[in-house]
Amino acid sequence: MALGLLAPVAQSADVEYGRYLSSECTTCHGASKADSTIPNIHGLGESHIAEVIKAYRTKALPNPVMQTIAARLGDDEIAALAAYFATAKRPK
Amino acid sequence: MTNITRRHFGIMAGASLSTLGLPILSAPALAQGKPRVVIIGGGPGGATAARYIAKESNGAIDVTLIEPLKTFTTCFFSNLYVGGFRDYKSLTHNYDKVRKGGVKVVHSMAASIDRDKKQVVLAGGGKVPYDRLLVAPGIDIRFDSVPGYSEKAAEVMPHAWKPGAQTQLLVRKLNALKDGDQIVMIAPPNPYRCPPGPYERVSMFAHVLKKKGFKKSRIVILDPKPTFSKQAVFSEGWEKHYPGIIEWQDPKIHGGIKGVDAKTGEVKTDFTNYKPALVNVIPAQHAGKIARDAGLTNQTGYCPIDAASMKSTVDPNIFIVGDASIAGEMPKSAFSANSQAKVAAMVIRAELTKSRAFPARYSNTCWSLIAPDDDVKVGASYEPVDGAIKASSTFVSQRNESADLRKQNYKESVDWYKGITADIFG
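Protein chains in written order, with our numbering: chain A, 1 to 92; chain B, 93 to 518.
None of these hints come from the bench; they were simulated from the model. One or more of the hints may lead you astray.
[Said to hold, decoys possible] Using 30 Å as the maximum straight-line C-alpha spacing, the simulated DSBU-like pairs for lysine-lysine come out as follows:
#, chain 1, residue 1, chain 2, residue 2
1, B, K355, B, K381
2, A, K33, B, K510
3, B, K147, B, K244
4, B, K126, B, K244
5, B, K381, B, K162
6, B, K147, A, K33
7, B, K355, A, K59
8, A, K89, B, K126
9, B, K189, A, K89
10, B, K503, A, K89
11, B, K482, A, K54
12, B, K244, B, K381
13, B, K344, B, K381
Please read all numbers here as calculations on a predicted model, not as lab measurements.
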């Protein structure tokens, strides 16, 4: 499965860089409640986060805000973000 | 947690970020104990920077935020208060969580910056020394940019371009209108805070008139600009929701804005004299006084910065974020200020604690409400290119979009407000 193949890549992800890049995300995603149009992304599965960001990058997912943010993210940066958010807790 | 515990935790966290055996703190910091960052202005730029520096440095940096007001009312979303979609209280935030995040909040007016001594002088005479200073004073209104206008005239003809009593005055005047009364807005020249803001505000005026069932009232916008932000979708929305109500005049139509007279209530252009019941004058703007007095501005009235760091080009110990800065292609918005503050916070931390520095990444989105559930947006990602901040990818709402999409935009904007205010104020 793709999930298994992603694991070695994730281990080499630059989590500290991901933490910095994540500050762009928390502008909108920091206070998300269950019914929000802007979902909580803290603590989600690493491969899931990466897949969703890549889907915005290819415009397979529709929101222009997310498409614009994803447009400039390289694979390493997406891996860094995914590795960071997978273990991050939502800000209090 | 006691102070001692926090300090130990901070040192350990700092150590983990630097190579073992190398000094963690920079030279000025070693001389003074913890490095000191002082921030002037507790709005979207200043409060974000304060919180991020305190949080990411884990107590290794002493962070002081100087802000005269005990509560902050956001300019962003204040148009929704004008339109009756929000109450005033929902726009007001306090600094309790900023304090809990490890920031010393000093409710005092910063009177001046002594750049030679690296200290901020407070209105009461107190002095606050800094190793790095972040200046985020926002804008001041240039009252003299509209002949006849003044701070006193603003009590009759509100600008409402800084949050607080002015916004409340505008709403009182709007709600007191009778059918047939006219509204005139004088729009500002570029560059100014919140490019789509005047046009969203006019949309909210029209919404209030429509909701009251008025048939005869009209709104005139006298604009010194030939075009404006999101013009295509605003124009479409005005025709759809408020046909015949809003008249936008560019300089070719009005021939030049000659001035206002607060005593008679008149507004004069080259071609026409208006005597409206409500006049909303949004004059030209420039960086907050403290930045101008400290010599941080150039001939534009705003502060030049290094695009990769938000550092002042005239003082390497000072950073400027938000509306007061010249941020290239980024608009003056709370979102921009919040984004710039994170870059500045990262660079300041790297300089003072030797933590890693990363490439500057900026972003912005501005939502505007035209009518209930009809919301449009514009946004971009930005990066430093050849010394200036430039847009790397952009988007803007289009004409003929579905009602569902516009409704979704509105919901998204409301959720964004929750998100960004939590990011700024905790």
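Now for the hints, and whether the structure bears them out:
Our distance criterion of 30 Å between C-alpha atoms is met by K355 (chain B) and K381 (chain B), whose separation comes to about 28 Å. For a cut-off of 30 Å, the pair hint linking K33 (chain A) to K510 (chain B) stands: about 10 Å separates their Cα positions. Taking the CA atoms of K147 (chain B) and K244 (chain B), the gap is about 42 Å. The hint is violated against a cut of 30 Å. The straight-line distance between the Cα atoms of K126 (chain B) and K244 (chain B) is roughly 45 Å, outside the 30 Å bound, and the hint therefore fails.
A hinted pair counts as satisfied when its Cα atoms are at most 30 Å apart, and K381 (chain B) with K162 (chain B) qualifies at roughly 20 Å. For the hint linking K147 (chain B) to K33 (chain A), the alpha-carbon distance of about 23 Å falls within 30 Å, and the restraint holds. A distance of roughly 56 Å separates the Cα atoms of K355 (chain B) and K59 (chain A); the hinted pair therefore is violated under the 30 Å criterion. With a C-alpha separation of about 28 Å, the suggested pairing of K89 (chain A) with K126 (chain B) holds against the 30 Å cut-off.
The suggested pairing of K189 (chain B) with K89 (chain A) holds, with an alpha-carbon distance near 17 Å, which does not exceed 30 Å. Taking the CA atoms of K503 (chain B) and K89 (chain A), the gap is about 24 Å. The hint holds against a cut of 30 Å. For the hint linking K482 (chain B) to K54 (chain A), the alpha-carbon distance of about 23 Å falls within 30 Å, and the restraint holds. Distance check on the hinted pair: K244 (chain B) and K381 (chain B) sit about 18 Å apart at the alpha-carbon level, within 30 Å; holds.
The hinted pair formed by K344 (chain B) and K381 (chain B) fails the criterion: a straight-line CA distance of about 34 Å is larger than 30 Å.
Figure legend: structure checked against the earlier numbered hints; hints not met, in rising order: 3, 4, 7, 13.
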